[in-house]
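A.B. asks: Given the sequences, and given the hints that come with them, work out the whole structure.
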Amino acid sequence: MMGESIKGAITVVGEFVSADIVLPARYSFLPPAEMAEHVLGELPAEVNRGVRSRPIIVAGEAFGYGTGRESPARALRAAGIKAIVGGPFARMFFRNVVNNGVLAIDCADIVGSGIANGDEIEINPATGGIRWNDRVFHGMPTPAIIQKIVASGSLIEYGRAALADMARASS
Amino acid sequence: MRLAQTTAEKILARASGRDFVVPNEIVEVSPDFCYSHDYAVFAIDAFEQMGATSVVRPERNVICLDHGFPVNNARDANNHVRIREFVKKQEFLAFFEGGTGIAHQVMMERGFVVPGALVLASDSHTPSGGALGALAIGTGESELGFVWATGRTWLKVPPTIRVVMAGALTRGVAAKDVVLTIVKQLGVLGAGYKIIEYQGDAVSSFSVSERFTFCNMSAEVGAKSGIFPSDDVTEAFVNGRAQFPYMGVRSDPDANYAGEITLDLAQIEPMVALPGREDRGVAVSEAAGKKINQVFIGSCTNARVDDLAIAAGILRNRRVHPDVRLLVVPASRAVGIESARNGDLATLLEAGATLMPSGCAVCAGAHQGVLGDGEVCLSTSNRNMPGRMGNKNAEIMLCSPATAAASAVAGCLTDARTLD
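Sequences listed follow chains A and B, in order. Residue numbering for the first sequence follows my numbering, starting at 1 and increasing by one per position. Residue numbering for the second sequence follows my numbering, starting at 1001 and increasing by one per position.
The set of hints was computed from the structure by calculation and includes no laboratory data. Check each hint, because a few of them may be wrong.
FRET-style restraints, in silico, Cβ to Cβ [what the hints assert, rightly or not]: (1) B:Leu1349 - A:Ala144: 36 to 42 Å; (2) A:Arg49 - B:Asp1323: 36 to 42 Å; (3) A:Pro44 - B:Glu1286: 55 to 61 Å; (4) A:Met140 - B:Pro1253: 31 to 37 Å; (5) B:Gly1167 - A:Ser53: 55 to 61 Å; (6) A:Ile145 - B:Val1370: 35 to 41 Å.
Derived lysine-lysine pairs resembling BS3-like cross-links, with alpha carbons at most 30 Å apart [said to hold, decoys possible]: (7) A:Lys148 - B:Lys1156; (8) B:Lys1184 - B:Lys1392; (9) A:Lys148 - A:Lys7; (10) B:Lys1184 - B:Lys1156; (11) B:Lys1291 - A:Lys82; (12) B:Lys1184 - B:Lys1291; (13) B:Lys1156 - A:Lys82; (14) A:Lys7 - B:Lys1156; (15) B:Lys1290 - B:Lys1392; (16) A:Lys82 - A:Lys148; (17) B:Lys1184 - B:Lys1290; (18) A:Lys82 - A:Lys7.
Ideal placement from N, C-alpha and C gives every residue a C-beta, glycine not left out.
C.D. replies: What follows is the structure in structure tokens.
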């Protein structure tokens, strides 16, 4: 499954959207489906509708900065997001997103490229290449460890397999 | 061949069982110490969903409840119950009940964070531990569950940038003003994926509490961590307090840095970060007079004994302005005890402050001290993005304890040096 491309329609989200705006702290303990209702809900309503109906976000500079809570990443997963491209992203948000099985690719060039809500892109995780119609953007290649975690579905799935391997090795 | 290493590289090399590491390579590490707080409940979820049954090295794990205490709803209360049961069953080294203090503060004052250690914790302000020469890095909750289950995780070796400080602060200027200046210069992701190492002749003049303020707000420039290399100040603090053996670490003189900022401390002014972003710093004198409704002297950034002493010094024989609410939250119970004994808490209460239990309080944005639409909070905490304190229609400004106290008296943003 590693390296499989991700294709789909995008929602554009602006720059300097903090993780507290992706999902405010007060919603951290909600069940995933309810978190999805609130994801990016502090922004105009079409943003929430967009991320719940299209699998990819093109996010501006510093998307997810600030708090290291994982609930914003869980909320994006619950909303059906498969990949986030753009940034650069805050490091804890980046890790939380990939640990929830959502690919994140630093690709500042796609931000402000004129790409619009509903446009379709195709992402190659291994190379970081992102195709939009005739254009190709060169994002950061995804390290093998992150590809494995995302391909597993989440760090939890990855961890379950790792523990099983450790148990086999010691028996 | 010897490879010159920074403090962070030395710590990561040891924690990954190697002689040296180079920036941007990915290494697998075994942390020396981990801690968490209320959000540990999600780490427990992850741990159990991975099929794990026993925590690797529970004797190197601690939980300290701090985000929402005393609890205001049954759901959070049940989460706390689950955490208490988990730490008992897993025989964690220690558990600190809500009210003990903010986890970062408690880990420092009780000697769990020691020089040269690799510390992981499920909170973005984990870098605070760099005040003691540890490499302290924030993780998500799933990731902490993974570390509990396996004893390991992966890290990308970050490049280090250094902030070299010379000279001395002028009267009425604090570490917070310096770090707000640094955040303004670098921007909110200006040190993204990097370590900030604080160096220069002025470093030895900063106490552990002040170093904590610097490292804590290193998170606000996106840094993976901030660190003060171990020196005599570090040693004086940890000696007799450290829970684990330790070895202080310092960069080699010829280590490589990805960037450098130099600061003359004599030039630093009292600073305020204007609403919306931590890098919107201006001199307090330039924004003086801006209306405020609430003042928060609290958080892991600035609510220690020295901070409360500065605030009390300004509020002694003065009153909080009738249009302002002053909320005071000592960073820990130990801080509260010392500030009660030295009279500072009484001074603050006499001035009209409201005292709240030690914890994250207003800064956690979910529990206490939420602002109304259009209201403005002046805060000694670390974050002021929209919604941080629970209402996106309210504004937050960040400042030092002196500016907070002076402004609470005046009823508007005020440079403490101008108070008559």
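A.B. asks: Please go over all the hints and tell whether each is borne out by the structure.
C.D. replies: Going down the list of hints, with the structure as the test:
Checked against the given bound of 36 to 42 Å, the beta carbons of B:Leu1349 and A:Ala144, roughly 58 Å apart, lie outside it. Between A:Arg49 and B:Asp1323 the C-beta distance comes to about 41 Å, which sits within the given range of 36 to 42 Å. The beta-carbon spacing between A:Pro44 and B:Glu1286, approximately 32 Å, falls outside the hinted interval of 55 to 61 Å. Between A:Met140 and B:Pro1253 the CB atoms are about 33 Å apart, so this pair conforms to the stated range of 31 to 37 Å.
Separated by about 56 Å at the C-beta atoms, B:Gly1167 and A:Ser53 satisfy the suggested range of 55 to 61 Å. At about 40 Å, the CB distance of A:Ile145 to B:Val1370 agrees with the hint of 35 to 41 Å. This hinted pair checks out: A:Lys148 and B:Lys1156 have alpha carbons roughly 16 Å apart, not beyond 30 Å. Our distance criterion of 30 Å between C-alpha atoms is met by B:Lys1184 and B:Lys1392, whose separation comes to about 22 Å.
Of the supplied pair hints, the one linking A:Lys148 and A:Lys7 holds, its CA atoms being roughly 18 Å apart against a limit of 30 Å. Pair hint B:Lys1184 plus B:Lys1156 holds up; C-alpha atoms about 26 Å apart against a cutoff of 30 Å. Distance hint between B:Lys1291 and A:Lys82 is unfulfilled; the C-alpha atoms sit about 44 Å from each other, more than 30 Å. Note on B:Lys1184 and B:Lys1291: the hinted pairing holds, with a Cα-Cα distance of about 22 Å set against a maximum of 30 Å.
Restraint check: the Cα-Cα separation between B:Lys1156 and A:Lys82 comes to about 23 Å, which is no more than 30 Å; the hinted pair holds. Proximity of A:Lys7 to B:Lys1156 is assessed by CA-CA distance (about 28 Å); at most 30 Å being required, the pair is judged to hold. In summary, the hint linking B:Lys1290 to B:Lys1392 is supported, as the alpha carbons are separated by about 19 Å, within the 30 Å threshold. A distance of roughly 15 Å separates the Cα atoms of A:Lys82 and A:Lys148; the hinted pair therefore holds under the 30 Å criterion.
Of the pairs offered as hints, the one joining B:Lys1184 and B:Lys1290 holds, with about 20 Å between alpha carbons and a cut-off of 30 Å not exceeded. The straight-line distance between the Cα atoms of A:Lys82 and A:Lys7 is roughly 9 Å, inside the 30 Å bound, and the hint therefore holds.
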